[in-house]
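Undergrad: Starting from the known structure of chain C, fit chains Z, W and V with the ligands onto it as the hints suggest.
Protein chains in written order, with the numbering used here: chain C, 1 to 374; chain Z, 1001 to 1517; chain W, 2001 to 2420; chain V, 3001 to 3339.
Be careful, since some hints might not be right.
Said to hold, decoys possible - Mimicking EDC-like on lysine to aspartate or glutamate, the simulated pairs with C-alpha atoms at most 16 Å apart in a straight line are:
| no. | chain 1 | residue 1 | chain 2 | residue 2 |
| --- | --- | --- | --- | --- |
| 1 | W | K2279 | Z | E1104 |
| 2 | C | K187 | V | D3116 |
| 3 | C | K187 | V | D3114 |
| 4 | C | K240 | Z | D1266 |
Hints listed in this document are in silico derivations from the structure and should not be mistaken for laboratory results.
Given next are the chains, with one letter for each unit.
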Amino acid sequence: MLVPTLALVAALFVGALVIIFTDPETLRAWASFTANPGRALSLSWDAASEAYIALFRGSFGSRYALSETLVNTTPLLLAGLSVGLAFRAGLFNIGGEGQILAGFIGSVMVGFSFDSLPAIIHVPFALLTGAVFGAAWGFIPGFLKAKTGAHEVISTIMLNFIMLNVVLWVLKTEFFLRIGRNDPISKSVNESAELPKIAGEGLRVHLGIMVALAVAWLMWWILFRTTIGFRFRSVGANPKAAAYAGMSVAGTYIFAMMMAGALTGLAGATQMLGIKKFLSPGFSGFGFDAIALALLGKSHPGGIVLASILFGALRAGALTMQASTSTPIDIIVVIQALIIAFVAAPTLVRAIFRVKLRRSERETEGVLAKTWGS
Amino acid sequence: MKVELRGVTKRFPGVVANRDVNLTVSGGEVVALLGENGAGKSTLMNVLFGLYEATEGEIYIDDQKAEFSSPADAIAAGIGMVHQHFMLIPVFNVIENVMLGLEETKGMGRLDEDKASERLLSLSREHGLQVEPYAVIEDLPVGVQQRVEILKALYRNADCLILDEPTAVLTPDEIRDLIGVIQSLKDAGKAIIFISHKLKEVLEIADQIVVLRRGEVVGTTTPSETNEQELATMMVGRDVQLEVSKTPSEPGTAVLRVTDMHVRDDREVKVVNGVSFEVKAKEILAIAGVQGNGQTQLIEALTGLRKVESGNVTLGDEDVTGASPATLFKMDVAHIPEDRQADGMIGAFSIADNLVLNTYRERPFSKGILTDRSAIQRSATKLIEDFDIRTPSARSPASTLSGGNQQKMIVAREFTHAQRLLIASQPTRGLDVGSIQYIHARIVAQRDEGAGVLLVSSELDEIMALADRIAVMCAGEIVGVLDRADATREKVGRLMAGVRDEAPRPPSPPVAEGEGS
Amino acid sequence: MSSHSATVTTSRISPARARGFGIFFIFLAVAMAVLFGMGSGPDSATFGLNGPDQFADLPTVEIPAAGTAYFLAVVAAFLGGMQLARGFGHRIYLVLGVVVFLFIFAFLVWATEDNSLNLYGMLQSTLLRAIPLTLGAISGVLCEKSGVVNIAIEGMMLFSAFMGVIIGSASGNLWIGLIGGALAGGVLSSVLAVLSIRYRVDQIIAGTVLNIFALGITSYLTARVLVEYQNLNNPGTFRQFSIPIVSKIPLIGPLLFRNNILIFLTFVLVGAVWFGLNKTRWGLRVRAVGEHPKAADTVGINVQRVRYRNVIMGGVVAGLAGAYLTLGSVGRFDENMTAGKGFIALAAMLFGRYNPVGAFGAALVFGFAESLQNKLAILNVGISSELLAMAPYLATLLVVAGVVGRTRVPAADGVPYVKE
Amino acid sequence: ADEEPETNGGDDPVAEEEVDFKACQVTDTGGVDDRSFNQTAYEGMQRAEEEFGIEIDVLESQSDADFEPNINTFLQADCDLIVTVGFLLGEATATAAEANPDQLFAIVDVDFADEDFNDVTYPNARELTFATDEAAFLAGVLASGMSESGVLGTFGGINIPPVTIFENGFEAGMNYWNAEAGAAVELLGWSSADQDGLFTGDFEDQDKGKQVAQQLLDEGADIIMPVAGPVGLGSAVAVREAGNASMIWVDTDGCESASDICDLLLTSVMKNMDNAVYDTIVAAMNDEFEGGLYVGTLENEGVGLAPYHDFDSVIPDALKETIEEVRAGIIDGSISVGG
Ligand SMILES: Nc1ncnc2c1ncn2[C@@H]1O[C@H](COP(=O)(O)OP(=O)(O)OP(=O)(O)O)[C@@H](O)[C@H]1O
Ligand SMILES: Nc1ncnc2c1ncn2[C@@H]1O[C@H](COP(=O)(O)OP(=O)(O)OP(=O)(O)O)[C@@H](O)[C@H]1O
Ligand SMILES: [Mg+2]
Ligand SMILES: [Mg+2]
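In isolation and in its complexed conformation, chain C is listed as follows:
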């Protein structure tokens, strides 16, 4: 925990420098630093501290803020678990965006198609369909890798762009399109398919966060307590040895990509049924963050939970920061990158803070994709 915490501190510090030195007023103050050093310093302090206080207020400062943090955490967590799971099986799933969109399509379809289903059936049905659509989209790169050796990094990137167009295309069909409207937005999911709010009407946090946490636990359990997980990890760590020991490497690749796709599809479904409610063109943005999350959480479900809460908080807080200071929302992306960089380079953080290496921390780090090797 020490290193990630210090990494966060370091990232926020560097982020503060970016905020300070791009704020026009503060910059002017620095330009006349010699004349009035106090003013430059106090303006800098104000610029950074106000931004960060707002960031914190918007993420943890109130019930509303907490709810928003969890709202953002939900899809991030599920998508992060997907990338992490694939990493464990030796696969690099950059296809999150495409699979999320697949999940959107699946869940919105079920969501608006049935009027008279009780929520207790409708919600799980819609979630499941989202997951199945995601799994189907994940199957393709898994299958191609297993059968032809096509590298999943390329195929998933291509599939993202393809899915982007699939969404545009379905949004021109009668079935999806709102009656009488020609804006490319689909019908909205029926109320019976919406994920129930869990903290009262004023707050957006919905059942999806529970689902996501349960899935995180489930993934931990599968990975570390079941024979399936053992197989995944074996294939991920040494596919040759796994094949030799009688495990089907090709089968594992396909299965793992399908599971990963299902998780991202579910991420899409929870977002659709909990927040979004209708399908519209464009990427969701969660799929790319998910890669960072899995890396940050070292492909461990527990780590991914913490990482996605952090990122959820940054996303939620960014809105408040934008609203109450003039800091553009994109600074959050910069801070996210910095956090990952510092977490990934513990030696760098230690060097900065002059922390001694602890024996336990010298142990091997999480399993990650190392190369293109197919």
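TA: Relative to chain C, chains Z, W and V with the ligands alone:
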């Protein structure tokens, strides 16, 4: 030239690999370095070659103190090394490998392969090391690769040559050749340090023998003053039995029958070409042959790791052509793979997990889809004790084991499930005498309990020690099958080199009865 | 099992696969006859072949649509038959290229029936679209041949596109902008180098970090700086110029020899990097480090230095790719204007088998798919624009899955080298 | 909720005059600098700020999950008017308008409707929509009259109505010209019959914008209308290199929003979102705010053609007159732009 190591100590975190080692070698002299796995031989040589920096101690070249901070310094001082694991780049050709780091160029940094090739060929003639300069390394047999390694050192004008386990992968003939080469290098005034686990060779070519144990020099002697048994004892620190005790075989019915097998390698080259043989219960059939003659692919095809192009494999009465490793496992086939680190284990996993790599889905290690971690742990603890795997804990990552112990771990895993057929590829490659003796005894025990054993080895000693019958493989074909009683080292060696001077027994169809007598 | 699959030069084709190719060719032939032959009316397709400013103009080519399709189908079928009968051996990929080309050409003729199409324009557009992808892919080649995975091409391109614009505008000098853009790529890649070589951060992580960072910082600074100071976003573009005489050769003259400096530079780089990697001492050492760093170390090569140098060079080339987008093409920056080109460059690198020439070829394939897609939309062939937009991606997917199979990766790619 | 948040415009000197009015804008995911509707709407806000010293504030949305919290933030921030932009915000705005009857809203490009496509209005929400095709029709006539090659080109970012409405109008204008003048001008890149054509796939990749324009030029087009935001700026490079071609800009007067390409612009099809937003602010300030639908037309100058600027001297007077006639015809209903 005279090279001296004085008081060299090398510490790794938690391990002292060398402790206060002194060693001297002069021009025209061969010093053999002996020791168990992990005794510190490679480490010591890496220090001399500038790959590692000694924690304490000094190196003197011709009585001048030398500082090697990188191999470049050592090379400049005239030291050359042929590493235990070859330092050749598989996709480069011979010339490229040899001149790497010391390239001949013509304008604009362009490589001048022809010029380098000339120099290489003249060296090659001088020392009797034949190579084809434009051949790609990965296409070459190991013996030739080793010649390239030696040439690489000579190309750099090495006066002192370190050979780390150079004979581990060679055929008897190649070993003969190598000994000839060493002799010629010695005559040319080179100083040579020779590392080996094979006591016979050491006694044959060394002028001086230095024995290391746990990083320390425990004895210095000469071939005339000592013998194999004494050296073995000195290395291990206790008495070891060099010969496996083995009763004659009483072969039963055929367990494995292979007919007219054809297999291609990764590059779609046909490397197994119509191979037929059979293995009976309670016998050890050894496939002898120089590495790279198709044995690897043959075994991969037999064990479901590679596509069988054509041909038939039956196990008992069942056709298992192209069966998956999992199917074979269920049919009680055990397999010790050739490349233990790449195929046999998962370095990042604990020893306990590695011990259930193929049984994790069976009781008691799992119930339904749940793994039972305590059962896995218990079984591991027992196996570690039974098979004498040296490790602080079953939870340690397998990658922290020494080569010999990694092999024991794999053997432990493979020997614990009931057996019909054991396939063992190069089971003792690179292991020290103690470990070899242990694994050989287990293989024989397995046979005596009723299993058929298919042993693949390029180690003639191993073949002679274990086999009941010997099939020799060369260029993708079985060029002869001999009974142990008829087999001499010479005969097998000649067959390995592809010389069929006496009418070979027809490799197919297998003449089952005729061979038993 | 087959991670050690063949290098290009020594690959051989198994009989089953060879048969597969033959059948595939015949399948394409039938498809051509049925879809484009029977699908065409009696009219002709007209193709323009002329670029600007040539010695003499080539005549406009007018060919009967149906007849051409049948003729090309026969040629493809013949090649398929040859393949089944005796096989083309290792030249099969060349033949495959020919057959696929025939198919696409037949398709074009079908689409152009009763219409005209400027083939010159299409080739030029193919080339121009391939330029940033090629540069990006070369950046990847430089890094990965030395053993460092670079998935941050996208980020480097974006960052240097941005810096190129700012520096170019501020200095009022395109050349300074170009150098600034290239250096910006170099700066970002030295971060990659330090993280992955010195701190041994997983290289995929390091690359991801840079991608996120570049997107974040450029968007942030666009919002903070460019929106307010619009004059910082107006550096102009490099003008195209003609190489005398050769640029007047019909078709290929204007296509290849009438371009701006960055495009010529790309041509030079493709050749130079290929030559450097394969024919020079530098290249030998780089490849050695990427394949077997320890072996390189034992012959006295400084592995880390080679890697630093290559990664930084790679960054500079990615910087040129980014600068091309702004200074060489459109002359201004906008948020996320790379729009995934860095990733497609990555695909081109893998598809081109880590060879600059191959990568250029792969980039051309991608550029062609994109041009074709637009051309078909212009010709209004009745395929929905969403489906057409998928075409380049589908093409890449199919090519990666079907034709290339497994690419031989530098053995030590992505593995930090730890020296005691 | 009581605290007074600082705002973007807070430190602007003019704003110090303290008119007690605050207008707030929530953008869609394009952001306020999208060179398209978010930006144009914001320009209307800025104009009101300059002229009356009102306070303005803007929140960008990173994903569509942000629409609701951004609107909520403004609901807490004492905004007198909340302007939302784009069809993606339709639902969120309608919900907020219904739940907060005392809060004024305006939404750009959306006409509220319920599930069954019955029109819906809220007294506190103004729906600012635009008959862009009317103006594009004029551009189609102009381009047809000006084209030397007789070939026009257009392309879009993605195939969505806010984009294609320009192209439909453009084609209709061309068809009108062909019928009236007996000409055979053709349009590449869009077919109203198929409602499909040439698209770059995003609103970001300017290089693609350049290539696509080049391909249109290659096929003979000499006047190009890109409907793809900043991607069109890439097209300008190709048009400039071609030398003998020109462009038509959309949304805003390109001579103002992208002045460096003014010399290439025949005209611009203006969708005066800024005016509509500005007018809405003024109405709200004067307590004259009315909910319901506003359609910007040629008649009310909610849409229109920009001045000809550099081409003013090039365009024949006869053509200018024809365009004025067509404009009048559209306004009085004698000419239908609906194809
Ligand atoms: N890089 C390293 N880091 C830590 N310990 C090491 C390292 N290299 C070697 N050792 C340890 O040093 C000791 C000596 O190893 P070394 O490789 O020199 O043995 P060896 O005599 O060559 O054995 P073998 O016969 O198996 O080749 C072993 O205990 C080994 O675990
Ligand atoms: N970082 C490390 N930490 C601990 N032990 C290590 C480390 N690196 C290597 N070793 C150990 O050092 C020993 C020697 O490593 P090396 O790879 O040189 O094997 P080797 O001497 O060639 O063995 P073999 O003779 O079996 O091939 C092995 O026992 C290995 O487990
Ligand atoms: Mg050793
Ligand atoms: Mg309405």
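Undergrad: The structure should be examined with respect to each hint, and the outcome stated for every one.
TA: Here is what the structure says about each hint:
1. For a cut-off of 16 Å, the pair hint linking K2279(W) to E1104(Z) stands: about 12 Å separates their Cα positions.
2. Of the supplied pair hints, the one linking K187(C) and D3116(V) holds, its CA atoms being roughly 11 Å apart against a limit of 16 Å.
3. Distance hint between K187(C) and D3114(V) is fulfilled; the C-alpha atoms sit about 11 Å from each other, no more than 16 Å.
4. Annotation: proposed proximity of K240(C) to D1266(Z) holds, straight-line Cα distance about 14 Å (limit 16 Å).
Taken one by one, the earlier hints all hold for this structure without exception.
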